[in-house]
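Please take these sequences and the hints and turn them into a complete structure.
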Amino acid sequence: MKRTRETKTHELVRRLKYNKSAVFGLAIVVILILCAIFANYIAPNSPTPSPPELFKALKPGFWSEDKVEGMPLGADAMGRCILSRILYGARVSLTAGFVAVGIAMILGITFGTLSGYYGGWVDALIMRIVDIMFAFPALLLAIVIVTVLGQGLDKAMIAIGIVYTPQMARIIRSSVLYIKEMEYIEVQKAIGSSDARIIFRHVLPNSIAPVIVYGTLMLASAILDCAALGFLGLGAQPPTPEWGAMLSKSYSYIVSGAWWAATFPGIAILFSVIGLNLLGDGLRDILDPRLKT
Amino acid sequence: MKSKLFIILLLTVGLVFSVVGAASASGTLVFGSSGDVSGLDPADVTDGESIQRMDNIFEGLVEFESGSTLIKPCLATSWETSADGTEIVFHLREGVKFHDGTDFNADAVVFSFARQYDTTHPYNQYGEWPYWGYMFYDVDRMEKIDDFTVKLVLKRPNASIMTSLAMFTVCIVSPTNAEKYKEDAFKNPCGTGPFKFVEWVKDDHITLEANENYWRERASLDKLIFKVISDPSARLMALEVGEVQGIEYPNPADLDRIKANKDLKLLTEPGMNVGYMAMNEGYGYIDENKNGVRDLDSEPLVKTPGYFEPLTKKEVRQAINLAIDKQSIVDNLYMGTAIKAKNGMPPFMLGYNDAIEDYPYDPARAKELLAKAGYPDGFEVTLYVMPVSRPYMFDPPKIGEAIQSYLAAVGITVKFYQVDWGTYLQETMEGNHQMCLLGWTGDNGDPDNFMNVLYGANACSIGTAGNYAFYTNNTNQELLSAALATYDEEKRAAYYKKAQEMIHEDAGWVYLAHSNQNMVFKSNVNGFVINPTSRYFFYPVVIE
Amino acid sequence: MMYHQDKARRDMKTLLEIKNLKTHFFTHEGTVKAVDGVSFKINQGETLGIVGESGSGKSVTALSVMRLIPHPPGKIVGGEIYFEGKDLLKLEDKEIRKIRGKKISMIFQEPMTSLDPVFTVGYEIGEVIQLHQGLNKKEARKKAIEILKIVGIPDVEKRIDNYPHELSGGMRQRVMIAMALSCNPTLLIADEPTTALDVTIQAQILRLINELKGEFGASVMLITHDLGIIAEMCDNVAVMYAGHIVEYTDIYTLFNHPLHPYTKGLSKSIPRMNIEVEHLDTIPGIVPNLLDLPSGCPFHPRCDFSFKRCVEEMPELIEIENSHLVKCHLVKKRIRSKKVEWKNW
Amino acid sequence: MEKLVEVKNLKKWFWIGKSPLGKKKAVRAVDDVSFYVGKKEVLGLVGESGCGKTTCGKTILRILDPTEGQVYFNGQEITHLRKKEMIMVRRKMMIIYQDPFGSLDPRMTIGSTIAEPMEVHKIGSKKEQEERVIEIMEKVGLLPDQINRYPHEFSGGQRQRIGIARALATGPEFIVADECVSALDVSIQAQIINLLQDLQKEFGLTILFVAHDLSVIKHICDRVAVMYLGKIVEAAPKRELFNDPKHPYTQALLSAIPIPDPKFRKKGQILMGDVPSPVNPPSGCRFHTRCSYVKTICREEEPELKCFENNHYVACHLFSNPVDTNLSGSAR
Amino acid sequence: MKWYITKRLFMLIPVLLGVSILAFSLIRLAPGDPAVTIAGQHASPQVISAIREKYGLNKPLTTQYWIWLKQVLHGDLGRSIVSNEFVAKEILERFPNTIELTMLSMFFAIIAGCIAGIISASRQYSIFDYSIMGLALFGVSLPVFWLGIMLMMIFGVWLRWLPISGRISMMISFQRITGFYLLDSLITGNLAAFISSLRYLILPSIALSTIPMATIARVTRSSMLEVLRQDFIRTERAKGLSERMVIYKHAVRNAMIPVITVIGLNFGLLLAGAILTETVFSWPGIGRYVVNGVTMRDYPVVQGCVLFFASMFVIVNLITDIVYVYIDPRIHYG
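Protein chains in written order, with our numbering: chain A, 1 to 293; chain B, 294 to 837; chain C, 838 to 1182; chain D, 1183 to 1514; chain E, 1515 to 1848.
One or more hints might be untrue.
As the list claims (entries may be wrong) - Below are the DSSO-like pairs computed for lysine-lysine, each with C-alpha atoms no more than 30 Å apart in a straight line:
(1) D:1308 - A:189
(2) D:1190 - D:1383
(3) D:1308 - C:1105
To be verified - Pair by pair, the computed Cβ-Cβ distance ranges are:
(4) A:70 - B:581: 51 to 61 Å
(5) D:1220 - C:867: 48 to 58 Å
(6) A:118 - D:1353: 47 to 57 Å
Hint data in this document are derived by calculation from the structure and do not stem from the laboratory. It should be emphasised that the depicted structure is a prediction, and the values quoted were computed from it without experimental measurement. All residues carry an ideal CB built from backbone N, CA and C; glycine is no exception.
Take a look at the structure:
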């Protein structure tokens, strides 16, 4: 081979470059993460000013004559800067998403690997539990868990994490099942490698691709579901600047003409989810064509 | 074939999108209200939602003149009071029938009263009878003299008893109906009023229809529907598009738009109300004999479930009073549809103490007080936030959030607790809250109906409390009792003023606002009168 | 005997003639010249074998004839394909569809995946009969039963309503053959028809193709990597390497007097049942990557005889004697001969 | 000849149809097979797809656990060894796979892939392991500077070399080569066959060469065993088998192979029909459904593998005069 | 076939049992005395002790579970804490609304999603393909509640075309028979009621169908592309079939197999979406009921809804499995 040597990472970067939508998704996600990290530097105002500036309540933003200074996207019903709340909301949503997906990953990888690798009754038991959890629409299951745990962002994250666990477990399991059948794993048995060695050195590293891909996609839906819980008043509690909760507080003002309070937080959710979906789809195409459904 | 299909499709789409909708030709009035009822037994409810439905189904012995608090005969045609003022004989109207066909007579009256006060009454078990304790603790019994004569016996003279008798609590219910449904009677109301109950679809609507056999002239409306549209903007939308013909509590932000709309008319009257945040001072009593009075010997003070150490301290409560900018809330959240409150009853009432100086907005002083009370770093406290808008409090979650922000500024973290309206009332009456948003709309226009019900120590009974701050000051209660026992208005006023001072000093409440009552109707809806008591009588309403 | 055969063949009519066919695939990594200037022809009744290793362009050549190159990324970028005098590459889609499955039909390598899993075999065969012969459903079914009997499916009346997954690999390949032959094609393209089958089944299928070829009078283009099958089945052979035909000759010459170093190496490197050797001769190196072809003759890095010119210049396909064509500088040097003039053929 | 590996009555059944209602069914992949591999011998195990040859090889290595029967390695029974005891045996027996793509962990450099068996068996220090890796890589024709590359950077033939190198790392005595050249192009196949032959001679390896391609088997093996539907039907030294195939199946198999020389075009009998399902194998002789010499006894009674002259074993009712009847039962 | 369905039915048993255990434990895990929780807060001590007796609340948990299960199978889900009404009755009143909404949405989603996906795949890399897939990406990323709000804002508030909350205009007298408004209005021949209830249905069902529509479009497309890459498509083309035939006859049928799984799974998404949509549009269905139940900590209500949703989902998955058999002949083996 005359061609220059190419490592996996190089290859990945090269293939990522060809996938324009993935690059776009990545850009959105990076912006989102930057917003979350530097919210306190870039946000023009405090997300929860205390004491409140009630006199700014429902004042419009830059597009109007009647605009309120320093609040480009207008003010919400409590006179708080919508832009600032959205920027801080990125922090809340991303944290919630990462924590939820993290929980799902830790549990899912553990159970999925056990189930896929050992098979038999371990598999049967875990998969039955997964089946049962799959009998609930995800949001409903989250709601049920929140009912027991109580309301709040922390509980919502745990609930969503638990809800996503069976999904992650199934993905890992099928990936493990697939990899387990690969001959390079059989070779390990022939060599006499221990199960732990096979799992940690061969099976798991080769399952990374689906974990990354589905982790990304799951992050998108975790953010959505977290917002949904917030919207229903079961997730983040006021005055946390959580996008979903912002929506639930503001949508009654659209009739009064204050459309901005309900529109912008939704757009923030939409774009972050689009970004993550694009990135996830792109990663799926790049990392693992086998995963295409 | 294809073109035909296309035309049909077009027609359907046209029909579906046609804004006109179904024309409101008939005598149906749909009223958009902010919340659902908690029950439909007049004696077993305290919330306006429920009361306003029952005002149209039930009638009492006497009733208010429209738009005032004057008494006029209703199911009783006349009455005589004994010389010592402890016995009142009522002569009942003949030929009146309940909606279920049962005849109205003395038995029905005795039944409606006795089930509330007589613990051995077979129907006593089906209700909490919360108002009895507030307003009728002076009633000893109701006796039947003959089929159309009854006698009300009082334990002691009570000047306000006649206005109290115009209240929903003592509306006359059909005994046969109660017998039929037992514990479910509250879902199947049956009275003598101008409208009959048809259906109650929970969280959605209640339908009433005209009572054809009404003893007065039949109502002009054929149908009266109370539809729950909890969101004020959605409510206004529904009115604008003709889904409903009248709404309550419009969003103050929308008032200008309403005034500009020729199709709508806005009714505004000063409200006989107060909106406040109560802070649980920690102790109440259990009214074991259900006499509505704290018997000092047998009913000791016990901790309420919502007991919370910091709020038991006066400094803390005063600090909270100082930390909240009420003017800003009234200006920006009530949007000028209310006046700032400094006392627990509206200014136009007898005995209002205008000399009291309200706590100013002074966060710095608040912090000092907190430090003095031992909470320099503040604390975390739970606030019950009402799920519905009331006349005295528009959009409570928003007000709750404002309070949250103000208190955050002095270091107090506020967590919200929200439940449905029925449970909310239940739990606050039980004293589960640490702080709660609530308010009061007067029932009969008597200051006693504010002071005694809301601030008296007798109203601190856990489970049926009206004194949500659990301000258990007996001296204060003595003042209030004295005010009720005398007929001298000046004396009464003096007692009430003194009581208000004590209440102000104790700072168990943050009084927020006295708001105007706003209602919006389609301009073709006539005859609706706003009552100071916030009761809705749709009998005279006509759609033209 | 060889001479007679050759003579007979020269008299036969040309059925398919491919001239300078170029089919390229345009991928992110670059252009893959899967077929790069291939020319050959098939006479009526003849079996032409195309042999080569993976990636040599055999299948792409066949698909180009059918105009079934997936586009994108593939595209026929040049050349002509004359079938019964018409240039297939110039036909409208509609016209080529009338030829596909009727005049030219194809059998594929994977009998497991080459049949639509959700239709019965009867339906599949019936569909092509209905399409090209204008028969109704009932007649088509009758015809399908007939043809399935011919290809040796036992218990046809029952099997015809089976789904592909209910049949064994050999049976499926028989169904494919039945489908291909159902409209009496004049050219049958068989793309590695037996690679996925076991030897005993392979033997059955090869014999079936041979028998039916005689019966239906079709020409066959047989694509395979197995020289054994070539020897068994073909009249003429084209050897492909990296998108080029490197040698074209009749079957006997190929095995007795191969001229191209690749052909020579190939036939020596396979273990044989009939000859025993201590050590196999091998072609060194690896099959080149089509994205990154060597300059000049693509075989030069693996060729024992390569010299400077091989590195610099692509050799021409030249005719050495009657119908024996070789693409190699060595050959040109040794035997002076004229460049192929297809028209004089 | 001294036996290195001996297999006795080996069975490997796979259970399918796990539904709670349905009965369990077994795929009898390997069904009562006995044979041996002599020291430094190359035994070819040949058969069509699904005949159980690969399963047989893997069961010997205990990659799969046998359903029944015993495997002896160097005289030691290894079928019931526990995991820890088995490790000592494992370094002496290795496997080379068919698929050069699937048998290498895509996330490991070839250096660590080759070193892995040594690490597992804790042979030598890190440095010694590395030296050994380079040594083997040179042996199999890989360049030592490729040690840090990943499998995807190699062609199929080179990957097969990596697989061979890994198999040789611990210095095994016995190697199962599972169709190790079938997936390769013809020109590459020859390279790998030659390499295997050279290595076998150099290290004195014993190889069980599993393949379906009789010409490759003929080229590389000393002795050949033919499998059909989970059974060995014939086993003999190479020349004996190819010159005098006794079992009708072997005969058919030999005649079915196309010979790359137009002079040898076949005109003979072709075996008809398909291979029956191993879930429900035919009664009696499993080949009877396709055999042109079938007799009544073939349908009823299963023929035993019997030894004839020249160490030629056949399981067929057509041949009933074994040379040494003592060996029947556990024929080898 | 019969055996297959029986097998599937049997496989439901453990799932349903698991679901019931989860629902059962909800009340036990929740704070408070389960007897009070089940009886409802307004119940008298006699009622509560009767409940304790009935559910064996002093007996071991397993016994309690069996008793409870028996009650549930008899349709007794306890009383709502808030309304003191039988939960089963309240669910029964509301579920037609939810079914109407979800079914109509699913219908939209399947029709539009499949068509868009098929056309997109058959014209891969065309403008049409890019725009449909772009829209679909938006679709799958939309928060359904926000979409609902935006629809309300645009079509309800700004354009005033459609109503934004409720089930039917209050102005219309309407006779309920089955509880399904569209059906009932047709039965009674009440055109005004039909149109009105349809008008109320439009915005929520658009909001609800968008996400599954987008998902189905995406899956259909990729499934189609997958099928179009397969060997047998080449065979069909080699037969001389027109591209239309190849796509609509052979590819579509094969491509539908994974799509059906996704439709089944999406139904779960739809039910979850219904919870949000019903909240936004004040739709008197189970979704809003369960949300109210949660905010009010009305455990029996939540429990009942959990059972309801799970059984719905399980039934839909069973239907999907059965549809498989008709589409994919290979399933007989499975």
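Hints, verified against the model:
1. Proximity of residue 1308 of chain D to residue 189 of chain A is assessed by CA-CA distance (about 22 Å); at most 30 Å being required, the pair is judged to hold.
2. Only pairs whose Cα atoms come within 30 Å are accepted, and residue 1190 of chain D paired with residue 1383 of chain D is accepted, the gap being roughly 27 Å.
3. A distance of roughly 43 Å separates the Cα atoms of residue 1308 of chain D and residue 1105 of chain C; the hinted pair therefore is violated under the 30 Å criterion.
4. One distance hint, 51 to 61 Å for the beta-carbon pair residue 70 of chain A and residue 581 of chain B, holds here, with the actual separation near 60 Å.
5. Judged by the Cβ atoms, the range 48 to 58 Å given for residue 1220 of chain D and residue 867 of chain C holds: they are separated by roughly 52 Å.
6. About 32 Å separates the C-beta atoms of residue 118 of chain A and residue 1353 of chain D, a value inconsistent with the hinted range of 47 to 57 Å.
Violated hints for the displayed structure, listed by number in ascending order: 3, 6.
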